[in-house]
Amino acid sequence: MSDADAVGEGRPSRPALPSLPAVTRTRLLLAPLVLFDLLAFVVPMGYLLRVSLSERSTRQALVRGTWSVDGYRFLLESSLLRRVFVFTVLFAVVATLLAVGLGTAYAYAAWQASGAVRTVLLAGIVMSMFTTLVVKLFAALVVFSPNGVVNDALVASGLVGTPLRLINNEIGLVIGQLYVVLPYTVLSVYSVLTSLDEHLVEAANDLGATPARAAREVVLPHAVPGMAVGGVIAFAWSAGAFAAPALLGSKSELTVAVEVQNRLTSFEYPVAAALSVVLTTVVLAVLAAGLYGLRRRGGGHDV
Amino acid sequence: MSESGPRTDGGTETGTGTGAAPAPTGRRLGGAAVGRWLFRAGVGVVFAFLLAPIAVVVATSFAETGSLTFPPKGLSLRWYGEFLGSSRWRRAALNSLVAAGGTTVLATVAGTTAALGVSDLGGSREAAVLGLAVLPLLVPGVVLGSSLLVFLGEFDLQQTYMAVVAAHSLWATPLAFSVVRAALSRFDPRLREAALDLGASPFRAFFEVVAPNIRSGLFAAALIAFVVSLQEFIMTLFVSGPDTRTVPVLAWNSLRGSLDPLVSVVSTLLVAAVVVAVAVGAAVAGLERLATDT
Chain A
75 MSDADAVGEG
85 RPSRPALPSL
95 PAVTRTRLLL
105 APLVLFDLLA
115 FVVPMGYLLR
125 VSLSERSTRQ
135 ALVRGTWSVD
145 GYRFLLESSL
155 LRRVFVFTVL
165 FAVVATLLAV
175 GLGTAYAYAA
185 WQASGAVRTV
195 LLAGIVMSMF
205 TTLVVKLFAA
215 LVVFSPNGVV
225 NDALVASGLV
235 GTPLRLINNE
245 IGLVIGQLYV
255 VLPYTVLSVY
265 SVLTSLDEHL
275 VEAANDLGAT
285 PARAAREVVL
295 PHAVPGMAVG
305 GVIAFAWSAG
315 AFAAPALLGS
325 KSELTVAVEV
335 QNRLTSFEYP
345 VAAALSVVLT
355 TVVLAVLAAG
365 LYGLRRRGGG
375 HDV
Chain B
48 MSESGPRTDG
58 GTETGTGTGA
68 APAPTGRRLG
78 GAAVGRWLFR
88 AGVGVVFAFL
98 LAPIAVVVAT
108 SFAETGSLTF
118 PPKGLSLRWY
128 GEFLGSSRWR
138 RAALNSLVAA
148 GGTTVLATVA
158 GTTAALGVSD
168 LGGSREAAVL
178 GLAVLPLLVP
188 GVVLGSSLLV
198 FLGEFDLQQT
208 YMAVVAAHSL
218 WATPLAFSVV
228 RAALSRFDPR
238 LREAALDLGA
248 SPFRAFFEVV
258 APNIRSGLFA
268 AALIAFVVSL
278 QEFIMTLFVS
288 GPDTRTVPVL
298 AWNSLRGSLD
308 PLVSVVSTLL
318 VAAVVVAVAV
328 GAAVAGLERL
338 ATDT
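Going down the list, the protein sequences come from chains A and B.
Each residue of the first sequence is one higher than the last, beginning at 75 in the working numbering.
Each residue of the second sequence is one higher than the last, beginning at 48 in the working numbering.
Hints were generated in silico from the structure; no laboratory data involved.
Remember, predicted model here, so these are calculated numbers, not experimental data.
Hints are not guaranteed to be accurate.
[Said to hold, decoys possible] Computed footprint of chain A on chain B, listed as stretches where at least three residues anywhere in the stretch have a Cβ under 8 Å from a Cβ of chain A:
#1 94-101
#2 135-145
#3 215-229
#4 253-262
[To be verified] Partial pick of chain B residues on the chain A-facing surface, computed with a CB cut under 7 Å:
#5 A106
#6 F109
#7 V189
[Unchecked claim] Take a look, some chain A residues computed to stay more than 10 Å from chain B by CB distance:
#8 R99
#9 L127
#10 L150
#11 L164
#12 G198
#13 F204
Using N, Cα and C, we set each Cβ at its ideal position, and we do this for glycine too.
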């Protein structure tokens, strides 16, 4: 206890090391992560910002040492890129709403279930989360294509006359993106539900609430912080969606991330970098707003 | 906190599910039962939506013909043979293992040491380190990939293993960090204190007292880092080259061409790797914790 004050303000349980001053120990422990994030994240991102402020050139990818806001001006002036931005945000909102709605229902079902059903529901979601995105999207392509399993079944059952178009359009994009974000919304809601006392639901039932009413008035309010965290993650990842739009969309459903790659491969570095900077700013602003809202509400839960 | 024990019978009896769908009060019990079954069916559809396509792909990998049809016409291991015979795919598999190995080491070490050190900071500096640690997870992969490509390109380091490991670790490290932090929050720090008081060196205290107590957390962190590296492909698409290309990147490139049964084979192998990883992780750390700690 005597050396507790050397460690930090009001943290009695951590002692300093006998040989190493506590501050040195903490610094050494944090060094690998901080150094890594500086070298692989902060500096490259800073460099990208610098590239976005370089002159555009038709002859080379990057004219070093120049300063210009042409990249950003181009974003504002190009009607194509404006459309891409608007489309990306709309797409992210739709994917987020669907993911939060379906994810909350799934998490609630897993929380309510017991024994084998709960294990299967949880294992399924963890499996899906850990499965390579390429595999999930390839699978969606096989299943939802015009001559895929879903359309075969629909046509065979007589529900539809001709195969539905489920890929190479907006529907395909949203289907594909759900494979990316749904596992995360399920798990962020599920993890807050595990802290809910089941006796509260029992009490509501004893007091005459129908199960649906108990779910709405007892469980749902408790799930809100998890829904918010899941929603913020889903939005961030959908706004930056690349794989689902590139594979399951057509040329008319360009997202910002797909456009970044297009500009990089055509060696327009300043435009690609400017797009990246604006995209990252939008994503982080939404994240910050979401976390701020959560904190004000008083529900603390870190990702 | 995430540890919720076996549920009481009473809770499940009275609480068996209905959806958040509004069911007007005063309806007869029949309406509630219908709602309950509709809700279950809906969740079943979501479950099938997530997992059935993967099952379909696994089935198509055993097809005899070259076209992707379900159910597959005839069964054979022909495409597995093609996979093993392809030097491109073998190289990609090797690259994936190298990248995953490197990422596991880097992410687990950086994540664990940071988790051990961060709680000593307290206050705004702790918040700053937490923010820095988690932030890369929330930046779009395309942006991270572009920044690494453009930056490392200045030193001709793009397309190296180092670039791939760095990219994968950007996402693996925050996850390893938060898993170990969750494990440490369940560890009684007085145990370590006691070891130090009894004269153990800090290293000995870590390896003989702390590590055994958070063993399952450390293992889960390493496992998650490995799996994240194995499945990542967006950043890898930007920073890898012909010699460092991983399996998902090669699969992606083949997909852009045509629907190739080899991609079904590769998908099946990747899924099998994940099934093994999740099963091992669930056995060691518990499914509940695997689901809530990450």
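Results of checking the hints against the structure:
1. Counting residues of the region 94-101 of chain B whose CB lies closer than 8 Å to any CB of chain A gives 7, which reaches the minimum of 3, so the coverage claim holds.
2. With a cut-off of 8 Å between beta carbons, the region 135-145 of chain B has 0 residues touching chain A; three or more are needed, and the interface restraint is violated.
3. Against chain A, the region 215-229 of chain B contributes 5 residues with a C-beta closer than 8 Å to a partner C-beta. That satisfies the three-residue criterion, and the hint holds.
4. Proximity of the region 253-262 of chain B to chain A, defined as three or more residues with a beta carbon under 8 Å from a beta carbon of that chain, is not established by the 0 residues found.
5. For A106 of chain B, the shortest C-beta to C-beta distance to chain A is roughly 10 Å, which exceeds 7 Å, and the interface hint is violated.
6. Residue-level restraint check for F109 of chain B is violated (minimum Cβ-Cβ distance to chain A is 14 Å; threshold 7 Å).
7. Because the beta carbon of V189 of chain B sits about 4 Å from the nearest beta carbon in chain A, less than 7 Å, this interface hint is met.
8. Not every CB of chain B lies more than 10 Å from the CB of R99 of chain A, the least distance being 7 Å, so the non-interface label is violated.
9. Every CB of chain B is more than 10 Å from the CB of L127 of chain A (nearest about 13 Å), matching its label as outside the interface.
10. The beta carbon of L150 of chain A sits about 20 Å from the closest Cβ of chain B, which is more than 10 Å, so the claim that it is off the interface holds.
11. Remark: the non-interface label on L164 of chain A is consistent with the geometry, its nearest Cβ contact in chain B lying 17 Å away (cut-off 10 Å).
12. Taking the minimum C-beta to C-beta distance to chain B, about 5 Å, the non-interface status of G198 of chain A is violated against the 10 Å cut.
13. The beta carbon of F204 of chain A sits about 5 Å from the closest Cβ of chain B, which is not more than 10 Å, so the claim that it is off the interface is violated.
Violation of the numbered hints given earlier is confined to hints 2, 4, 5, 6, 8, 12 and 13; the remaining hints are satisfied by the structure.
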